[in-house]
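Participant: Position chain A against the provided structure of chain Y, taking the given hints into account.
So the chains spell out like this:
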Amino acid sequence: MTGATMFSKIANLYKKLAKKDELITVENVNYRGEEPVVEGEELISIHGVNLSYSSKNGSIKALENISFNIYRGEFICVLGPSGCGKSTLLKILAGFIRPTAGTVKLSGTEITGIDWHRGVVFQHPPLYSWFSVRDNVAFGPWMRKIPKSIYRQQTDEFLRKVHLAEFADKKIYELSGGMKQRVSIARALINDPEILLMDEPFSALDALTREDMQNMTRDIWQDTGKTIFFITHDVEEALLLASRIIVLSHHPGRIIDDISVDFSLQMTEKNGGDIKFTPEFYKYREKLLRLVNS
Amino acid sequence: MRRKRTERFLTIATVVFVLIFWIAITATGYFSETIIPSPQSVWESLLEVSQNGYKGHTLLEHLGTSMQRLVIAYLLVVVTAVPLGLLSGYNSKIRAILEPLVEFYRPLPPLAYYTILVLWMGIDESSKLALLYLAGFSPVYIACVAGVLRINEDYINGAKTLGATKTQIFFYVVLPAALTDIFTGLRTALGVEYTTLVAAEMVAATAGLGWLVLDASNYLRSDVVFMGVIIMGITGVLLDWMVRLAEERIVHWKGKD
Numbered sequence: 129m130t131g132a133t134m135f136s137k138i139a140n141l142y143k144k145l146a147k148k149d150e151l152i153t154v155e156n157v158n159y160r161g162e163e164p165v166v167e168g169e170e171l172i173s174i175h176g177v178n179l180s181y182s183s184k185n186g187s188i189k190a191l192e193n194i195s196f197n198i199y200r201g202e203f204i205c206v207l208g209p210s211g212c213g214k215s216t217l218l219k220i221l222a223g224f225i226r227p228t229a230g231t232v233k234l235s236g237t238e239i240t241g242i243d244w245h246r247g248v249v250f251q252h253p254p255l256y257s258w259f260s261v262r263d264n265v266a267f268g269p270w271m272r273k274i275p276k277s278i279y280r281q282q283t284d285e286f287l288r289k290v291h292l293a294e295f296a297d298k299k300i301y302e303l304s305g306g307m308k309q310r311v312s313i314a315r316a317l318i319n320d321p322e323i324l325l326m327d328e329p330f331s332a333l334d335a336l337t338r339e340d341m342q343n344m345t346r347d348i349w350q351d352t353g354k355t356i357f358f359i360t361h362d363v364e365e366a367l368l369l370a371s372r373i374i375v376l377s378h379h380p381g382r383i384i385d386d387i388s389v390d391f392s393l394q395m396t397e398k399n400g401g402d403i404k405f406t407p408e409f410y411k412y413r414e415k416l417l418r419l420v421n422s
Numbered sequence: 005m006r007r008k009r010t011e012r013f014l015t016i017a018t019v020v021f022v023l024i025f026w027i028a029i030t031a032t033g034y035f036s037e038t039i040i041p042s043p044q045s046v047w048e049s050l051l052e053v054s055q056n057g058y059k060g061h062t063l064l065e066h067l068g069t070s071m072q073r074l075v076i077a078y079l080l081v082v083v084t085a086v087p088l089g090l091l092s093g094y095n096s097k098i099r100a101i102l103e104p105l106v107e108f109y110r111p112l113p114p115l116a117y118y119t120i121l122v123l124w125m126g127i128d129e130s131s132k133l134a135l136l137y138l139a140g141f142s143p144v145y146i147a148c149v150a151g152v153l154r155i156n157e158d159y160i161n162g163a164k165t166l167g168a169t170k171t172q173i174f175f176y177v178v179l180p181a182a183l184t185d186i187f188t189g190l191r192t193a194l195g196v197e198y199t200t201l202v203a204a205e206m207v208a209a210t211a212g213l214g215w216l217v218l219d220a221s222n223y224l225r226s227d228v229v230f231m232g233v234i235i236m237g238i239t240g241v242l243l244d245w246m247v248r249l250a251e252e253r254i255v256h257w258k259g260k261d
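Taken in sequence, the protein lines are chains Y and A.
Just add 128 to the spot in the first sequence (first one is 1) and you have my numbering.
Just add 4 to the spot in the second sequence (first one is 1) and you have my numbering.
Pulled out of the complex, with its shape left as it was, chain A reads as follows:
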C-alpha cells in the first residue's frame, strides 16, 4: 500500500514539475509565443475555441468527429481482428491464408497506402475509417495469433479428455486463455489508431482534432496547436484507461496464476 502511495506521488509530482517548468520557461520571455506558447494563452485559446469554435465547428464537434472515426474503426477491429486472429491461431490453414497478407501491409507506413484508399473509396469518411481500421487490425490480429499459439497443449488435451468438442474448446478454453494477449493487442491498436488519426485527417477533412492541429499550424497558431495536442493526449490516456479497466474486469486472474 505504502509503495503504491509513493508511486502515485511520483506520478503527480512529474506532471506538476512539467507544468511549472512550462510556466517558468515561458515567463522568462526568452522564447516567442510561436515556439512555446504560455500556459495562459493555451488556456485562453481553449476557452475561446470551446465557446466560439474553430473554423465553423465547436471544440466538442472537432473532438466528437475524431472520436467517432476512432471508435467506429476500433469497434470494427474488435469484431473482425479478434475472431480472425483467434481462428488463425487455432487453425493452421486459416493462418496460412491470412498471415502473409497481414505481414505484408503491417510494416507499411499508413500514409503510403492512404492515397490508394482515397483513390478507391473517395475522399470522405470511408477511406479514413478504412485507414484507421487497417492500422488497428494488424496488432490485434498478431496478438491473438500469438495468444492462441502460446496456450499450453495440456489445456486443450485436458478439455478433450473431459468430453469437450472442438467448438466448445474454442469458446471455453482457447478464447479465455488468450484474453490477456487479446487485451495487449487491443491496447496497442488503440495507440496506433490514435497516431494514424492525424494522418487520416490531413487529407480533405474539415473537422476533427487532427485537422484542427494541422490547420492551426498552417497559421502559426501555436496556442491552438498546443491545446489540440494536449486534448489528444488526455483523451488518449482516458481511452487507454477504459480498455485497461475492461481488462481488469474481464481478465480478473491476470498475473495471479
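So here's chain Y without its partners, still in its complex pose:
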C-alpha cells in the first residue's frame, strides 16, 4: 500500500469521526466545542523528557532525551525490551509521575497531573469489584456528574462496542481476564478522552483471547478515530495494530527508531490474518526484533 492510499484511508476515518462529533455534542454536556479535526494535527508534544529514579546507588536513568509528537488519530505502539522505561513513559503521559526534565504538552498545555482527558488501560485492569460491570463502565461520567439519563445510554453503547452488552449486570469476579480488560477499555472510552493510553493491556491474556482483543482494539480505533498510545514488548502485536511504531532502547530508554507502518489498515481492508505471512511483514518483524534485542 502506498503512502497516498494510506492517507486517504485516514482521511476517511476523520470523516467518520466528524459524523460522530455531532452525536457527541448532543450527548456529552462536558463537550468543550473542539475545533474540527485537521489532518495530522498535533495532539501531544513531548520535548527532551528525562526521568531518573533516586536509589541507594545514586540516581538511575530510566528515560533519556525523549522527544516526539503524537498526532490526532495515530495508533502509536511503543516497543522495547522489558525494563526500557516504556511504562514509565506512559505514566508520564497519564500524569502519574512528572519527568525529571523536559516538557509534555497536550494541545499546548503542560500536563501536570492526572485528568480524564487521557484515558488509561492498565495491564491488570483495576476494576471495582463492588460495582456491577455496568457501573464500572459508567464510573467516569457518573463521577463527572453527567446526568444519569445521558450516561446510561452511553454505557449501553460502549458495552455493545466491547461486545459485553449481555454481561452488563454481572459482577466483576464473574468475568474472564479478557472480558475484564474489555470492561476496562469501555470504561476509559466512555469519557471520550483525547487519547487512550494502554499499558501492555493484553500481555496477561492467552493467545486466542489476545488476538480477539487486538482485532477489537483495531476496530475501535478505526470506528472512533481515537488516538491510541500502546505499550507492548510483542513485535507482532505492534505491527498488527500500529500506524506508527516507536522503538526504545534497553536501559536507559532512548528512541532508537520511529517508523510508520500500515499492516493494521491492511488487516481491516483485507479482513484477514494472512498479512502475518507476507514477505513484507517478515522483513519488518526481523528488523524490529533485531532492534529490540540489540
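If you are wondering where the hints come from, they were derived from the structure by calculation, not from laboratory data.
As the structure is a computational prediction, the values presented were derived from the model and not from experiment.
Hints are supplied without guarantee of correctness; some may be wrong.
Listed below are the simulated DSSO-like cross-link pairs for lysine-lysine, each with C-alpha atoms no more than 27 Å apart in a straight line [to be verified]: (1) K97/A with K298/Y; (2) K170/A with K8/A; (3) K258/A with K219/Y; (4) K260/A with K298/Y; (5) K415/Y with K404/Y; (6) K170/A with K276/Y; (7) K219/Y with K233/Y; (8) K170/A with K299/Y; (9) K299/Y with K276/Y; (10) K411/Y with K398/Y; (11) K273/Y with K298/Y; (12) K233/Y with K189/Y; (13) K289/Y with K398/Y; (14) K299/Y with K97/A; (15) K289/Y with K299/Y; (16) K59/A with K299/Y; (17) K258/A with K299/Y; (18) K273/Y with K260/A.
Facilitator: Structure of chain A alone, referenced to chain Y:
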C-alpha cells in the same frame, strides 16, 4: 457440598463429645460440685436464675445490661474508629497525629487504665463504656489503616484518570476496597470488647453477666459461674455470627477476585 456436610458433622460431633465428656466426668463423682458442677445442676441454676433472678435482677436483665454496654460501646467504635482509621490511611498527616496515641495505649492491659477512667468519669456507666470503647477502638483503627494502605495504587490512579475527585475516590473506591479489612477489625474488636466486659463489670457494678459470674464465684456458686460463662460464650458466638452475616451481605465479592 459433600465436604461442607462432613465439616458440619465434625463441628456438631465435637460439641456433643464435650457434653458427653462433661456428663461422664461429673457422673463418676470424683470431682466435687465446686470444681466441676454437673450439667444438671448448671441447667437447674439456669432455670432458677431465669425465674427468680440473681441478687435482685433477672437473668435477662443481667444479659441486657451487659449487651447494652457492649452494643453502645461497639456502635461508638464503628462510627468513630472506621472513619478515623480510613482517613489515617488516606492522609499521612492525620495518620502522623493519631497513630502514636493508638500505638501507645493499644498494648496496655485494660485494667491498668481502667482505674484512671474511673477517677475521671466516676464509677458508673460512663467509665465502663469508655473502657469498652477504647478496647474496641484500636483493632478497628489499625485494620482500617492497613486496609487503605494495602489498596493497589492503580485503583486510585484509575479513578483519577476517569475524573473522580479526592472525596469521590474516598467514598467510591477507598472505602469499599478496605471493607474486607474493616470487617476483620470489627470482628476482632467484638472479641476484645467481650473480654474486657468482665473487667469493666468487676468494679462497682450491680448487674451484668460479668458481675454475675464474679459475684457467684465469691460464694463458690460454681453452677452459676458455669451457667454465666456458657451464656457469655453463646452470645459471643451469636454476635460474631451477626457481624459475619453482615460482612457476607456487604462484601459479596470477598475471596472471589
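Participant: If a hint holds in the structure, say so; if it doesn't, say that too.
Facilitator: Results of checking the hints against the structure:
1. K97/A with K298/Y: Not OK: K97/A and K298/Y at ~39 Å, beyond 27 Å, violated.
2. K170/A with K8/A: Distance ~44 Å between K170/A and K8/A Cα, so the pair is violated.
3. K258/A with K219/Y: violated (30 Å)
4. K260/A with K298/Y: holds (13 Å)
5. K415/Y with K404/Y: Satisfied, since the Cα-Cα distance of roughly 15 Å is no more than 27 Å.
6. K170/A with K276/Y: holds (21 Å)
7. K219/Y with K233/Y: The given pair, whose Cα atoms are some 14 Å apart, holds under the 27 Å limit.
8. K170/A with K299/Y: Distance of about 25 Å is within 27 Å: holds.
9. K299/Y with K276/Y: holds (21 Å)
10. K411/Y with K398/Y: holds (20 Å)
11. K273/Y with K298/Y: holds (24 Å)
12. K233/Y with K189/Y: holds (22 Å)
13. K289/Y with K398/Y: holds (21 Å)
14. K299/Y with K97/A: violated (36 Å)
15. K289/Y with K299/Y: Between K289/Y and K299/Y the Cα gap is close to 19 Å, so the pair holds against 27 Å.
16. K59/A with K299/Y: Status violated; Cα separation ~55 Å.
17. K258/A with K299/Y: holds (12 Å)
18. K273/Y with K260/A: Violated. K273/Y to K260/A sits at ~30 Å, over the 27 Å cutoff.
In this structure, the hints that do not hold are numbers 1, 2, 3, 14, 16 and 18, in rising order.
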